[in-house]
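The listed protein sequences correspond, in order, to chains A and B. Per this note's numbering, the very first residue in the first sequence carries number 1; after that it's consecutive. Per this note's numbering, the very first residue in the second sequence carries number 1001; after that it's consecutive.
Hints are supplied without guarantee of correctness; some may be wrong.
[Said to hold, decoys possible] Below, computed lysine to any residue pairings styled on SDA-like, alpha-carbon distance capped at 25 Å: (1) A:90 - B:1049; (2) A:69 - B:1043; (3) A:2 - B:1043; (4) A:2 - B:1041; (5) A:2 - B:1042; (6) A:69 - A:13; (7) B:1052 - A:33; (8) A:690 - A:613; (9) A:69 - B:1049; (10) A:49 - B:1042; (11) A:2 - B:1063; (12) A:69 - B:1001; (13) A:69 - B:1056; (14) A:69 - B:1042; (15) A:2 - B:1065; (16) A:69 - B:1048; (17) A:49 - B:1031.
[Said to hold, decoys possible] Label-pair distances were calculated between CB atoms; the ranges are: (18) A:50 - B:1052: 40 to 48 Å; (19) B:1078 - A:47: 34 to 42 Å; (20) B:1052 - A:68: 29 to 37 Å; (21) B:1072 - A:68: 40 to 48 Å; (22) B:1078 - A:408: 20 to 28 Å; (23) B:1052 - A:21: 14 to 22 Å; (24) A:10 - B:1079: 55 to 63 Å; (25) B:1041 - A:505: 19 to 27 Å; (26) B:1041 - A:408: 31 to 39 Å; (27) A:179 - B:1078: 41 to 49 Å; (28) B:1054 - A:73: 45 to 53 Å.
These aren't lab readings, by the way, just hints derived from the structure by calculation. Just so it is clear, the structure is predicted and the values come from calculations on it, not from any experiment. Cβ coordinates follow ideal geometry from the N, Cα and C atoms, glycine included.
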Amino acid sequence: MKPHLRLIALLGLIVPRHLRADWRQEWETEFAYRESQLDAWERLEWRDKLDLFRRSTSAFWDALWLYRKRLEAGMILDLRYGVRMLLRHKGFTAAAIVTLALGIGANTAIFTLLDKIVVRALPVDEPERLATFVTGEGRNPLIVSYAAYTALRDRVPLIPAIAACSQWPFALADGAAADRISGAVVSGNYFSLLGVRPAIGRFFGVDDDRTPGAQAVVVLGHSLWRRRFASDPAIVGRAITLNARPFTVIGVTSPEFTGTTRGTATDIYLPIMMAPSTLPGFDAVLERPNWGWLRLIGRLAPDATRAQAQAALAPVLAELGIGRKPAAKNDPTILAVPADVLVLDGSRGYGEEVESLARPLQLLMGAVGFVLLIACANVANLLLARAVTRRQEIAIRLAAGASSGRILRQLLTEGILLAGLGGAAGVFVASRLTRILTGIQQQLTFVPHTLDGTIDARPLTFTLAVTVLTGIAFGLAPARQLLSTDVVCGLKGGRGGIVARRLTLRSLLIVGQVALSIVVLVGAGLCVKSLRALQAIDTGLQPSRVVTASFELGLGGYDQERGRRFVEVVTRRVEALPGVERVAWGDIVAFSDFFSIGGATIEGYRPAPGERMPFDFTTVGPDYFRTLGVPLASGREFTSSDTPNSPPVVIINEAAARRYWPGRDPVGSHISRGRSAVVIGVVRNSRVKKVTDEAKPAIYLPLAQNYSANLTLHVRATTDARSVLPRVRHEVQAIDPSLAVYNVQTLEALKDGSLYAERLSTMLLTLFGALAIALVAIGLYGMLSYAVAERTREIGIRLALGATRGDLMSMVIRRGLVLTIVGSIAGVAGALAIVRVLRGLLFGVSPTDPQVFVVVPIGLAGVALLACWIPARRATRLNPLAALRHE
Amino acid sequence: MTYVTATILQAVASGYRYGFDVIDATGLPGGTVYPALRRLEDAGILSASWEKERVARAEPRPPRRYYELTRAGRVALADAARRYRLAEPAPPARARPRSSRT
């Protein structure tokens, strides 16, 4: 054969079979035609022969291009075959997909939150050059006055740009209803410093932030724009009302940028110059040099390090008079900035608000990682079991000439197909789960924080990676076993020599699953005990049957006179509602961890040198203690007879009484805080601030003598709080629809909400623990069922030789229990090594709590016993004759 | 569409309807022309069919596979011609390749 035609014949092997004949004919006839134009082959010059051969080499590229089609065709075949296999074993497929969906979904959901709260940098220009400023040993965020901010702003050349921001709640009125939203008052250079771009409209700049009250402009957060304004493209230029003051919308942030507090979404941004006229009580905020309210974020010069910036900052702080004590309260020569300022990495913004969630989320990420491993082990186990039934099929394909590479590709396609379906269902599970996680978050903090739980590209990439990896693992697990099948033995349907090895691998998988689930279950058990201990704490009040509703009258533009009238009207109308026993007002939201702390002097008490006398101050109305179920130790409650004109009075708690009047009744004594007031009563200690905090000395002031614009209504119901809740909500909204009302909740719900992080960890760990135990049971059951099926003949022989059914049962169960016990020992050892990370998250329970470490393995063994019993019973019911004939 | 693809289309439109003829007319390597022809055929810009048996038998040789522009191909070529300022398609001057006969 001529060399160029031989090459064409050879290259034709690359071309897909169904195209090969045509392909060869096309090339061969081209050469035949060319030869006919030249001369008979024998008479051709060597140069023409070489030219023909050179031309034939280009057929390689043509064939290679067509090879792609061959791959595609193979892949479609593999996929079609894979789908058919999955459909044929519906039970197996459903079990595998549900298992994977739960595993992958839980991972995606936790990763979504963890990524936003702990890992991810702000979506801004060069985030690594951002710096945040903290102070003191506690590394609290540096909070400065406006004067201090402007003094610092342009003084440090290594930090050429510093922006200021402050988070506040705002009342957004748009038509009839008002919403309480989370807003940020930011300096004019905030957006340009960060280098973010608006989705529509524009951001305000330094020029919009020069004159107090001049530029009533606002930038909307993307999520508020979508939620509240249905992504209206004509929003720019529209007027909205914030805290009863008109503002013009000038732009909307991009969906990625949610502010500089990580993990949360800010709803609106307005210039600092609008703070005095918008934030209630902030009229003089810009003039007061010691009124700290702004957080700073800076951008370092391109080559500057944080250490250099900090060194450059120190002399500026000294020059500004930092560290000196002001002679008078509002001494304008002294700026309230602490001397020990540290410059920290600001690439992820500020995160104190969500810090409490970081540890539980890291912990949960570990737990869901374990659950995914258990799920993968389970699916791998199921696939290994199924591999046995496919032995003959694979042997036939190998005998028919399929290469092992081809079989491997088929198995990988099936694995990835299964994982892909599990991953897709997992994204759905994740979206539900993040909604639950962000839905039950604590809404009680003074500044509302909306957790950002959007599943965006990063978690999806994570899911995709997890899915592909699990798919490859699934494909490869049975592949190794199947490809080592002895073809002849496989064709006969025999077991070959692979059973023993496969069982070892499957047993190892079971041991691993048991060990991992013990770790997860121990974690869950400890969290459950800890949560129980937290819930059992006597808070000193009776939260059942109490409903709350909070108002920020200042945000609604109420002055003191109008505020007092509002309180009277609400009291009268809510008291008249059916099912309401009693109504009272207080200026705090229970369990919100927000308190006003201050000092006071006690007449007749001589403090030791350097003794600090901090008190929690709370302003409450008449009947407050009776409504909340806090008993009086002595004296009386505030009543309607305590008026602005009557002598000033206070009530204290037992903690204060014990410390400052040891062994005496303080009723009738005087406390002074600006003006002297008589102690008229002592109430029992209550933990309204935070359930884990010991009660501190507290002073209660009467609302009539100390007006507060931030008020919470407490309503005690005669029977069930939840039945009164909608009526209270309806009534208070009807009185002034333009006033934002929040925390319309039962006090029980608020208490539960304050334990958000603990409840979240416990709930999810329990859920994942249950999932783990279910997976282990399924895995054990599947493996033993398979073992019984495999050993049918052996069981038949044993029965024929006189084995009792009890012998057989114990033989099967023993096998399962041995695996469980080995796994449990490994799991307990692993848990003992790992639980140390829980320290600090647990309350009232040791990380090595013996009860948990005993109950969990026993409980798991019980479930394992049940999973073993079903296949064991099947073994005892075998007919010896049929079993002997089995093969 | 790349310039190379436009050149190949131009050649086919000019009457160079066989792979080797297109290679000769454009001067492009076979490794470029053939995959391009396959791609254009897949995209519906070219259609390929076998030469009539009668014509081939007259030569005599097996029938060759020839390519022609579809309607979409003509539109695509017109676009490409405007973009790349290609010359009007010219019919092939049926020059025989260099022969070894002297």
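The hints, checked one at a time:
1. For the proposed pair residue 90 (chain A) and residue 1049 (chain B), the alpha carbon gap of about 46 Å is over 25 Å, so the pair is violated.
2. About 14 Å separates the Cα atoms of residue 69 (chain A) and residue 1043 (chain B), which keeps this hinted pair within 25 Å; it holds.
3. The straight-line distance between the Cα atoms of residue 2 (chain A) and residue 1043 (chain B) is roughly 34 Å, outside the 25 Å bound, and the hint therefore fails.
4. With a C-alpha separation of about 30 Å, the suggested pairing of residue 2 (chain A) with residue 1041 (chain B) is violated against the 25 Å cut-off.
5. For the hint pairing residue 2 (chain A) with residue 1042 (chain B), the CA-to-CA distance comes to about 31 Å; that exceeds 25 Å, so the pair is violated.
6. About 13 Å separates the Cα atoms of residue 69 (chain A) and residue 13 (chain A), which keeps this hinted pair within 25 Å; it holds.
7. In summary, the hint linking residue 1052 (chain B) to residue 33 (chain A) is supported, as the alpha carbons are separated by about 15 Å, within the 25 Å threshold.
8. Between residue 690 (chain A) and residue 613 (chain A), the direct Cα distance comes to roughly 20 Å. Compliance with the 25 Å bound is thereby established for this hinted pair.
9. Restraint check for residue 69 (chain A) and residue 1049 (chain B): the C-alpha separation of about 20 Å stays at or below 25 Å, so the hint holds.
10. Only pairs whose Cα atoms come within 25 Å are accepted, and residue 49 (chain A) paired with residue 1042 (chain B) is rejected, the gap being roughly 32 Å.
11. Of the pairs offered as hints, the one joining residue 2 (chain A) and residue 1063 (chain B) holds, with about 20 Å between alpha carbons and a cut-off of 25 Å not exceeded.
12. Note on residue 69 (chain A) and residue 1001 (chain B): the hinted pairing holds, with a Cα-Cα distance of about 22 Å set against a maximum of 25 Å.
13. Between residue 69 (chain A) and residue 1056 (chain B) the alpha-carbon distance is near 30 Å, which puts this suggested pair outside the 25 Å criterion.
14. Using a Cα cut-off of 25 Å, the hinted pair residue 69 (chain A) and residue 1042 (chain B) holds, with the two alpha carbons roughly 11 Å apart.
15. Between residue 2 (chain A) and residue 1065 (chain B), the direct Cα distance comes to roughly 21 Å. Compliance with the 25 Å bound is thereby established for this hinted pair.
16. A distance of roughly 18 Å separates the Cα atoms of residue 69 (chain A) and residue 1048 (chain B); the hinted pair therefore holds under the 25 Å criterion.
17. For the proposed pair residue 49 (chain A) and residue 1031 (chain B), the alpha carbon gap of about 18 Å is at most 25 Å, so the pair holds.
18. In this structure the supplied range 40 to 48 Å is violated for residue 50 (chain A) paired with residue 1052 (chain B), their Cβ-Cβ distance being about 33 Å.
19. Range check, residue 1078 (chain B) to residue 47 (chain A): Cβ separation about 40 Å, and the 34 to 42 Å hint holds.
20. The hint said 29 to 37 Å for the Cβ distance between residue 1052 (chain B) and residue 68 (chain A), and at roughly 31 Å that hint holds.
21. A hinted range of 40 to 48 Å is violated for the C-beta pair residue 1072 (chain B) and residue 68 (chain A), which are about 22 Å apart.
22. Separation of residue 1078 (chain B) from residue 408 (chain A) is about 49 Å and departs from the stated range, judged on CB atoms against 20 to 28 Å.
23. In this structure the supplied range 14 to 22 Å holds for residue 1052 (chain B) paired with residue 21 (chain A), their Cβ-Cβ distance being about 19 Å.
24. Under the hint 55 to 63 Å, the C-beta atoms of residue 10 (chain A) and residue 1079 (chain B), about 40 Å apart, miss the expected range.
25. A C-beta distance of roughly 50 Å is found between residue 1041 (chain B) and residue 505 (chain A), which places it outside the suggested range of 19 to 27 Å.
26. For the pair residue 1041 (chain B) and residue 408 (chain A), the beta carbons lie near 33 Å from each other, so the given range of 31 to 39 Å is met.
27. The hinted window of 41 to 49 Å between residue 179 (chain A) and residue 1078 (chain B) is violated, with their beta carbons roughly 59 Å apart.
28. Distance hint check for residue 1054 (chain B) and residue 73 (chain A): the Cβ-Cβ separation is about 34 Å, which falls outside the suggested range of 45 to 53 Å.
Against the hints set out earlier in the document, violations occur for numbers 1, 3, 4, 5, 10, 13, 18, 21, 22, 24, 25, 27 and 28.
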